[in-house]
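Protein chains: 2
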Amino acid sequence: MVQISRPTLLLDRKKCLANIDRIVSKANKSDVVLRPHFKTHQSHEIGRWFRDRGVEKCTVSSLHMAEYFAEDGWDDITVAFPVNHHEIEVINRLASKITLNILIASIESVPLIQSGLKHNVNAFLDIDTGYHRTGFAPDNVKEIDEAVQLIDRSPVMRFAGFLSHAGHTYKCRSQKEIKSIHQEEMEIMFGLENKYRSAFKDLIMSVGDTPSASVLDRFEGMTEIRPGNLVFYDLVQERIGSCTKDQIALAMACPVVAVYPERNEAIIYGGGVHFSKDSMTIDDRTSFGEVVEKTDKGWSTSSTGSYLKSLSQEHGIVHVPENNLKVGDVVLVLPVHACLTADAMGSYTTLEGEKVARLASPV
Amino acid sequence: MVQISRPTLLLDRKKCLANIDRIVSKANKSDVVLRPHFKTHQSHEIGRWFRDRGVEKCTVSSLHMAEYFAEDGWDDITVAFPVNHHEIEVINRLASKITLNILIASIESVPLIQSGLKHNVNAFLDIDTGYHRTGFAPDNVKEIDEAVQLIDRSPVMRFAGFLSHAGHTYKCRSQKEIKSIHQEEMEIMFGLENKYRSAFKDLIMSVGDTPSASVLDRFEGMTEIRPGNLVFYDLVQERIGSCTKDQIALAMACPVVAVYPERNEAIIYGGGVHFSKDSMTIDDRTSFGEVVEKTDKGWSTSSTGSYLKSLSQEHGIVHVPENNLKVGDVVLVLPVHACLTADAMGSYTTLEGEKVARLASPV
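Which chain is which? The protein sequence lines are S and U, in order. To convert, take the position in the first sequence, counting from 1, and add 202; that gives the working numbering. To convert, take the position in the second sequence, counting from 1, and add 202; that gives the working numbering.
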């Protein structure tokens, strides 16, 4: 096992590759384009693991990420975040070099972005299929049609299709619930496709959450899928039913720096700035991560009963029912939300001890 | 006002300097050493604002920060985090150059750290005055005495004194409650001082939370205080009663990228990776930040009624009762927890548009 001196985000490369292989194979079987969301890993190297398996397109959630992946040769990128015309310079820079797909989530964005565009972009309309974060309400037929026409008349925007993110699957607790949400999403998307397919023959229908991409075997009818989290998975996904604990490819390694057996607690070097403050509540206990057992080859996921009960900036408080931790031990913690944990850390370290670089926060 | 294209952490330099001036003046009046906690700002430049006002010592929460501030000439640094012997190389590197003060939070740490030390360090005992995160229980007289003797017998460690962090003041909702917790802390610390002062005449008694440092006028009896958050303040501190809203020196500027008046919501570019996921609950509503009004010179803190109700990775959902936001607007949001928000961002931007650099996450 790698030598650990401070909080270190371990990446089990084999599990990660198996997660990638599984979705690549499923997408191929359904003849759907896999355009994975790279906001989860934000790493050139991990992006290449997808490319090595035939993936040619990707999704990101900021222009900063789009520039980073364009540098590594990705030439067809969707920014699945409502277009922000204040960043028109970056948009033009990218659009001059690659196929850039932007997202229109409010009709007001169309003229704003249109007025500054100097290069061709593809524009998707964001459809709210029930998550209620962003997008056009599917029954707002008038506004959807108006937006499609506005884009279609633009000399620099091409109407590319409809995009949705069924983020409400994150509230599911069974595969049945996930499938039911996916079914509703499909009905909405099919309705739009039926209406616009004749006018736009290359229409792309793009859907994307990890729970649906994980529990469904086939993705008939859609043009592309954009799951992100499944590259790593995490405890939230395990609870939803998207993965098993054994498929989670990340664990944070943290030194134990103090022990308080009288209250069944150990303090680790690992806090909110490492894990993020996302938590989950199970049986009235709030957890910021679950302690798993170290093995020679990585970690075993049989329960240790220990979990991260509280986080401050650099400290983590671990509940240790067995009081079996001592100062100087290194514990491994499965993350609650892999995307935010990975974003908080500067790099990954594989179980073989290799560093895997990732995009740094903008300065 | 500065031109904003993406989430930008604005720093009102005047408010920040006033916060610094206030605590410097209070510390001087009480003849107590101000050793501010620099984990909040993690910036050479802001550190210098303290130094310009006579502050010569600082506190940090990681060795990574200690190295960063040592580079800028800080030569007496306390790492107020349980010492981690896995980082002995960094400890030795620092201890060879500056006065390094380490923290012993478990007796097991003493021999572990002792065995690798090559240069002199000062060691504080961490006393748990009621927060129950780290430190020796004050009634565990036997173990405290054993630890003091172990340190005293070490050829490379000098017993420096007792250190506490009354983090439970964060749960207070009035100055009276804060003062009562501070009083209990003082009684514990005075007890230890009485016992050990004769044997250790340079004994340092170090206390440190922002709420106490803010509401108390004088700090008689202690040797030093280590408040950190008060350099910026935030909504949590305002609720505790440590500051007024006008004293909060940070606001995140975020472009509005979509509006949904039918549900009184606007979507901003600004999510968990910018604000952190720390939230506060007031009157059954959970808030991740409060929208304030932009002015020519910065922001006014009269309430807009709008607040950040939810965050995902890059999106923020703002509740907008008046539906007075449109796509393209830039909103300013006061942070719930300044330390974590600042840590998530790569730099500060003053209201005059100057960048203020800060330490990047370790890679």
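It is worth saying that the hints were derived from the structure and are not from the lab. Because the structure is a prediction, the values reported are computed rather than measured. Note that CB positions come from ideal geometry on N, CA and C, so glycine has one too. It is possible that some hints are incorrect.
Derived list of chain U stretches under chain S, where covered just means 3 residues or more per stretch with a C-beta under 8 Å from a C-beta of chain S [stated by the list, open to error]:
1. 302–311
2. 455–467
3. 475–486
Hint check results:
no. : hint    : in the structure
1   : 302–311 : holds (count 4)
2   : 455–467 : holds (count 7)
3   : 475–486 : holds (count 4)
Violated hints for the displayed structure: none, as all numbered hints are satisfied.
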